[in-house]
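Q: Next come the chains, spelled out residue by residue.
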Amino acid sequence: ETGVTQSPTHLIKTRGQQVTLRCSSQSGHNTVSWYQQALGQGPQFIFQYYREEENGRGNFPPRFSGLQFPNYSSELNVNALELDDSALYLCASSLWIRSLIPYEQYFGPGTRLTVT
Amino acid sequence: AQKVTQAQTEISVVEKEDVTLDCVYETRDTTYYLFWYKQPPSGELVFLIRRNSFDEQNEISGRYSWNFQKSTSSFNFTITASQVVDSAVYFCAPAPWNSGNTPLVFGKGTRLSVIA
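So the protein sequences, as listed, match chains X and L.
Those letters in the first sequence? Residues 1 to 116, per our numbering, in order.
Those letters in the second sequence? Residues 1 to 116, per our numbering, in order.
Each hint can be trusted.
Quick list of the computed label-pair ranges, beta carbon to beta carbon:
no., chain 1, residue 1, chain 2, residue 2, range
1, X, L100, L, E15, 41 to 47 Å
2, X, L67, L, S71, 44 to 50 Å
3, X, R22, L, P96, 28 to 34 Å
4, L, A116, X, P70, 46 to 52 Å
5, X, P8, L, E15, 31 to 37 Å
6, L, A116, X, E53, 48 to 54 Å
7, L, R28, X, N59, 18 to 24 Å
8, X, S7, L, F47, 17 to 23 Å
9, X, G28, L, N52, 22 to 28 Å
Straight-line alpha carbon distances no greater than 20 Å define the calculated SDA-like cross-link-like pairs of lysine to any residue that follow:
no., chain 1, residue 1, chain 2, residue 2
10, L, K38, L, S65
11, L, K38, X, L39
12, L, K38, X, A87
13, L, K3, X, N59
14, L, K108, L, T78
15, L, K3, X, G58
16, L, K3, L, D22
17, L, K108, X, F60
18, L, K38, L, V85
19, L, K108, X, N59
20, L, K38, X, P109
21, L, K108, X, P109
22, L, K38, X, L88
23, L, K38, X, F45
I should point out that these hints are in silico values taken from the structure, not numbers from a laboratory.
Just so it is clear, CB atoms sit at the ideal spot from N, CA and C, and this is done for glycine as well.
Just chain L, with the same shape it has in the complex:
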């Protein structure tokens, strides 16, 4: 059975600290995709990134970076120099490589609070 785990329920950091959010996807598939979404207090889910499991290179976009470790099936998301506007719930959602138009299955999310 496939299972996505976001073990950190809530994280609180002080502004300018770096923070890493964890996501583990347990599956027998060797190839799959992972999506990260951000949900600020306004409620709208904002797409951040789609990565595949056969690319273990770090991806960096501004203050955001993503690191995939195939050996542990973990797909971590790091925010550098966090800001108050980063406060949100962050969801990871895995998808099989051939899932096409099938819906996303979300983890329970990690609530990040950045304190000024």
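Isolated chain X (complex conformation):
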């Protein structure tokens, strides 16, 4: 069973540029969530995709957007990068079978984005 993978590992961008981060979910999982983790903080929820549709969004501006593909892999796109976007971006996958009980999420190693 393959775990959650993310690419790239590290990325350096300039303010104003655009970036795309990628995530491959764990085999058999149908939900992907993206989190932003600033240095010294806990992860903050950006958005979630369930079966290719956005299924919830945190307090992030519209320049943060995403996609989920039929194989349940996902992309996070950030436009007009700002210095404060520098963080570790974590992708988590889970299998949700329409139960009320919250399921554990499995995280990838993250992409460390630096905006200069």
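The hints should help you fit chain L onto chain X, whose structure is shown.
A: Below, chain L alone, put in the same frame as chain X:
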């Protein structure tokens, strides 16, 4: 309003000591779940356990044990005979019992340093 508190920002212990990490979840809900995750220096969040609030029995897994006290809404995590590899940031994340596929809300984490 619901609030998760990990009051210990940093803990430092000598190898082989026992250490307990605290997590308090303030909520009016009587039933909920709590997740614990470990984040080693590599950055990947590792799922440790999911427990529910109506089961106050201790759970033990190897050197790890979890104790839930409903009267104080605290869900403590104890590492017995700590090892250097236990050095990491530990996060607790509560979830309402019926939150289904909703994202995790993490505490600020406790940084544990185990010194050889």
